[in-house]
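Just so we're aligned, residue 1 is where the sequence shown starts under full-length UniProt numbering, counting upward by one.
Please keep in mind that the hints were generated in silico from the structure rather than gathered at the bench. These numbers were taken from a predicted model, which means no experiment stands behind them. Among the hints, erroneous ones may be present.
[What the hints assert, rightly or not] Derived SDA-like pairs (lysine to any residue); straight-line CA-CA distance at most 20 angstroms:
| id | residue 1 | residue 2 |
| --- | --- | --- |
| 1 | LYS198 | LEU256 |
| 2 | LYS37 | LYS198 |
| 3 | LYS37 | MET27 |
| 4 | LYS37 | VAL229 |
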Amino acid sequence: MASICVVVLWHWTLSITHWDGDYTLVMPNPIGYVPGKWAATWVLQVMPVFFFVGGYANLAGWQANTRDGGGAGRFLAARLRRLLTPLLPFLAVWLAFDLVLQATGRRSVLEWGIVVFVPLWFIGVYAGVIAAVPLTARLHRAWGWRVPVVLAVLVLAADALRLGAGWGGPVPALLGSACVWLYCHQIGYFWRDGTLVKGGRPLAAAVAAAGFAGLVLLTTFGPYSRSMVAVQGEDTSNMFPTTAPITALATFQLGLVMLARPRLNAWLRRRGPWRAVVAANGLTMTVFVWHMTALVVFLWLYERAGFTLSSEPTATWWLTRPVWIVGPGLVLAAILAVLTGSRLIVGRWVRRDRTS
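Make a model of the complete structure from these sequences and hints.
Right under this line is the structure:
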């Protein structure tokens, strides 16, 4: 949940959300305007964290599934249902809204507001990684550390073809991106199987140091941006397509998480924090799916109130950042309340039908 919250707050507050010349909503970030701000992305680009935490959880789920005699079908059905169910009301609402827009002669949301659907790329990639768990779990058991090594080599090879040899076709881009996210997910298995835990702080520090060194080397001597998110004006991006520095970033961040693990575990042994974390985790995907919708709704209200959006990170833009936490946050809270109420009503109807 923490990694998703960072993503949500980044989209809300550290994106220069405005309308471009074609009246299309765009969201460049301010990194190119602030010298050295790229360094913040080495901590705040937390998508790798979600994937290796997912690796831990998915391997645990796979192990429990196989202990109970379940096969790949049962495991995938349960995992994908949990991942994809929050998408159904989201897609239904936006489909209905878009039909109304087009019926009244207005432009489709796909023309002006494609940024609303930013969460879908992540969900699609993560669904693919989950689908590979029956295979990657077996490979982990049989080959251990050799699996992420092979994935890292494939990422470098894909980058060499695309950025070095100039083969700009979709094949190396897709292959490299897939191997990056499989790598991020796979290293979470070493947390789950106890390898990293048994190594204690020395191993965690070594993992973090190796990842950090990889980041420095790749972004200093390689053809890569120092920023782990796209920067306006730069020719290459580390995220789209995803490149080797993201594998180094995942390694670095895994080491940091393992260093913090003992203290976090002690905190979670307290009843209050544990209940809060469990409740928050239950809302993770719903928050992620709807957070861009909340941003667009607040943007509409903001402009109706007479305010204008800035296309550059001016002093006023920086001073108004708290507004873009509170405003979309309140809208998102209202959306969550409506969704929760709807689920309760549907649940009552289902129970009534079953008992009648």
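Here's how the hints hold up against the structure:
1. LYS198 / LEU256: Holds, at about 16 angstroms.
2. LYS37 / LYS198: violated (36 angstroms)
3. LYS37 / MET27: Holds - the C-alpha atoms of MET27 and LYS37 are around 17 angstroms apart, at most 20 angstroms.
4. LYS37 / VAL229: holds (11 angstroms)
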